[in-house]
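**Q** Build the complex: two chains, separate frames, hints provided.
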Amino acid sequence: MHPGTTEKQVLGKAAASLNGIAAQIPVPELHNGRGSEETFVLDVSSGHEDFLDEILSSLAAPWDASASDQQWIVGLGDDPEEGLPYAPFDESTLFANRLLQYQISGGSSSAEKAMMLPLGHDSQQQLLVAGYGNSGFPSPPLTLGRAGSIDSTNSSVVDALYCGFGGSIQHTDSANQHSLPHLKGASTPGQNFGAVIPVASPSAGSGTAPPRQKVRARRGQATDPHSIAERLRRERIAERMKDLQELVPNANKTDKASMLDEIIDYVKFLQLQVLSMSRLGGAAATVPLVGGSDISHEEQTGDGLTVTEQQVAKLMEEDMGSAMQYLQGKGLCLMPISLASAISTATGVSSFPRLLSSSSSAAHRHLPSLPNPGAGDAPSSPAVAKA
Amino acid sequence: MVALRFLRALSLVRCSGPGARSPSYRARGIRRAAYACMAASAGPRRAWSRALLRKIRRRPGRGLRRPRAVIRRRRPVGGGDPLEVALRRLVPGGGCMEYCRLLEEAADYVKCLAMQVRLMQTIVDSASHVNSID
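Quick note, the sequences are listed as chains A and B, same order. Letter 12 of the first sequence, counting from 1, is numbered 12 in our numbering, and no numbers are missing. Letter 79 of the second sequence, counting from 1, is numbered 79 in our numbering, and no numbers are missing.
Next up, chain B with everything else stripped away, as it sits in the complex (with noise of 0.2 Å):
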């Protein structure tokens, strides 16, 4: 399912200026590509696929802040344990949550990253392989 959107988007970003904009440029919107298709195949059942859309879609449009019925908490823990901060800090969402939740959302969003890795490296060894008969 991941792969579908994903090639789809890598079109997308490739379509739009092979030769106008910069690699670097590019390189950002293939990595937004990835996180956005990882994020919308995950579902909304999951709090940090959901904070990660909310991320990458709040680029665009700033100002336009739509009230939701959404009752998040702030900062449940003072922030005692480094590595908890730290682990909050790295999954996406993860400032609200309780510590049990933390380390499911974690879990969830492990699973995805490699799976995530694992299909652009398919994606990267196919297109060298093309390149290249050796």
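Next up, chain A with everything else stripped away, as it sits in the complex (with noise of 0.2 Å):
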């Protein structure tokens, strides 16, 4: 590869960047063990060939490092021992992960939290997750995620970064004009990708349609009333879907098949609490009510929650869900005690003064009962605690 003086240009202006970026985020993988900084704009003046190759290892380095931070944190998924909350027992727990998993897309990320999202989409997803784990693992700061809303500041800093480089590879003298405005432009949180390479190569025609920028027909098709027809419906679906993504959380994909299956998902999920809810407004009449009334009269002290134990207790006799209603009504979740354990010591025993090992004997008694294996580990017996 022999590139050329406009090439050292770009290449640069993209190092001037570069530097003046890195001193705002720290990217050790760029530098390779190389020391410094300074030696980039050294190398600029000087090596051509040698800086380019520097910069795509350097490149291809966090690449190959996020592949395997992905199978890390596969991996972690998968354990269930790990004290992470992600075992689904049965159809509530799953439920609950779910639930969790759309409150949080609203809210900030961490690195417990990114734990949460299901990791057995595609990639995009994957590499999502490898940004979000900044802060416990030890996975490169450069966020090769599509989605630019994650940290804003970060990602645009990181999109106009790839911008650069991602003009200076190609080596066409369209690359050379819109890099630089890639450089400057990319500064606005949630810049799309997907959306600048079809504005970089207009000859590439219409093929799919960018849900931001216009597609520039190519003159002969102007005319050709198939094309206005198709440009019109894919505008029309562009449209629609931009709707729904403004209505589904967690949208901050641009592939539109990952967004299709995210707005398939929550209408599932959707579903599924309305189900959920009309189970629950269904046994609501078989809790006695009596029980409901004396509790609200006594105080909730440390030992108050006995009272709530044998009432469960009772419940669990007739009919397990209507147990597990009485429960949910109350706010309080049966859990194994192992989880339990692990969540009030990583949490602090603070959060949880009202845990509650059940000892009574008529829970052991009904543990092997049964019929679903998600209401406990069989060795541990369940511990009801205040949600």
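Hint data in this document are derived by calculation from the structure and do not stem from the laboratory. Watch out, some of these pointers could steer you wrong.
Dumping the calculated DSS-like pairs for lysine-lysine here, alpha-carbon to alpha-carbon at most 27 Å [what the hints assert, rightly or not]:
| hint | chain 1 | residue 1 | chain 2 | residue 2 |
| --- | --- | --- | --- | --- |
| 1 | A | K256 | A | K268 |
| 2 | A | K268 | A | K242 |
| 3 | B | K111 | B | K55 |
| 4 | B | K55 | A | K268 |
| 5 | B | K111 | A | K242 |
| 6 | A | K256 | B | K55 |
| 7 | A | K256 | B | K111 |
| 8 | A | K256 | A | K242 |
Label pairs and their computed distance ranges (CB to CB) [as the list claims (entries may be wrong)]:
| hint | chain 1 | residue 1 | chain 2 | residue 2 | range |
| --- | --- | --- | --- | --- | --- |
| 9 | B | C100 | A | A346 | 45 to 51 Å |
| 10 | B | R57 | A | E235 | 34 to 40 Å |
| 11 | B | H129 | A | A229 | 55 to 61 Å |
| 12 | B | S128 | A | R233 | 24 to 30 Å |
| 13 | B | L7 | A | I228 | 48 to 54 Å |
Glycine included, every Cβ here is placed at the ideal spot set by N, Cα and C.
**A** Shown next as structure tokens:
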């Protein structure tokens, strides 16, 4: 590869932006053990091919690192004994996981919450998880996922980095013209990656309808009625997808297929929620209101939970579902003691003051007869904790 | 608007037999009531609400089919995209629509579903707060 003079200029500008940006983000992988950032500036003026090769190799390194991280994260997700609250015991906990995921997607990102993301999806989402796990895992700070809205300042700057490199790697003149506006334009947060590339190559035609940019058709195609109708249809579809994207949480996917996937999952989730709420309402009449009023008159001290516990044990004798719904109505949940102790040691004892382990003989007697193994591990008895 | 209808339907379900029926039957009744209220409040202008109401009302009288002047297309697409097929199955009445229309109906359906879920959640919360004074 023999880069021409124009490429050198682009490389120089990219390196300058890199130097300016690298001061903000610690990007150790790009240095590759070279020691300091100043060597980049020196290399531009002297070596040409070497610099390009170094950049390419350094870019390859974080990609490999993120690939290995993906496997690591997937392994963590599969292994339930790490203490992660990911193992779906029964319908309610699986459902609670999805609920948590949808609630979290609107909030901030942290390492523990990242594990709740379903890891069986495509690589984009895995890269997202790699980007989320900045605090916990030794993953590269370069979030190569296409989402720009995880950490807006970080990813927008990284997008500028990547756009600069992407523009320099392309060997066409149009790339040189477009790479500079990319560097400046990528400072807006949440800039779509996929939308940039079609603009850079308008001659590629209107294959996929980019959601933000207008598609510039070729000259001969404008008068063709079929292509016009097709273009119109595609624009309408893109518009509808955008509306759906606003409705559904976790809408930071730019790919149409993954967006559809997310929409389908959300609809299933909502239907499941309606079903479980109706079940809750259906069983609410079986809960003896006498017991409820008794509890409401008493003071809920530390021993006060024993009344609840006895009530739950009594309900478990007749119907497991009503017992679960009674607990749910009180804002309590059932979990194995090992998980409860893991959570309490992780978050500090003060957050779980009302942890009460069920030691009544009634509970022990009915454990083996549970039809679903999800209500608790066989060796450990269930613990009633305030959710 | 949905709330009034739903509360009224809920009271109907509860009045019919608090001790006579099993909880699962009541749960199914509540679910049906929820979907019916959702569809009724969405109005007849939406394809999904019409299809949903049709599905709910079809159960009591199976053989009675009034000839309606409805031109319904069967299977406009061969079903190449598995995602699209899944979406058609999820959204009521989604088997006969074009893709563009399907997305539109899906958006409205999601909006109404979310509202219904929020409503039910509020009801449950207020009911549980009545029972336990912490």
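**Q** All hints, please: hold or fail.
**A** Quick rundown of the hints versus the structure:
no.	hint	verdict
1	A:K256 <-> A:K268	holds, 18 Å
2	A:K268 <-> A:K242	holds, 20 Å
3	B:K111 <-> B:K55	holds, 20 Å
4	B:K55 <-> A:K268	holds, 18 Å
5	B:K111 <-> A:K242	holds, 14 Å
6	A:K256 <-> B:K55	violated, 31 Å
7	A:K256 <-> B:K111	holds, 20 Å
8	A:K256 <-> A:K242	holds, 10 Å
9	B:C100 <-> A:A346: 45 to 51 Å	holds, 48 Å
10	B:R57 <-> A:E235: 34 to 40 Å	holds, 38 Å
11	B:H129 <-> A:A229: 55 to 61 Å	holds, 56 Å
12	B:S128 <-> A:R233: 24 to 30 Å	violated, 49 Å
13	B:L7 <-> A:I228: 48 to 54 Å	holds, 51 Å
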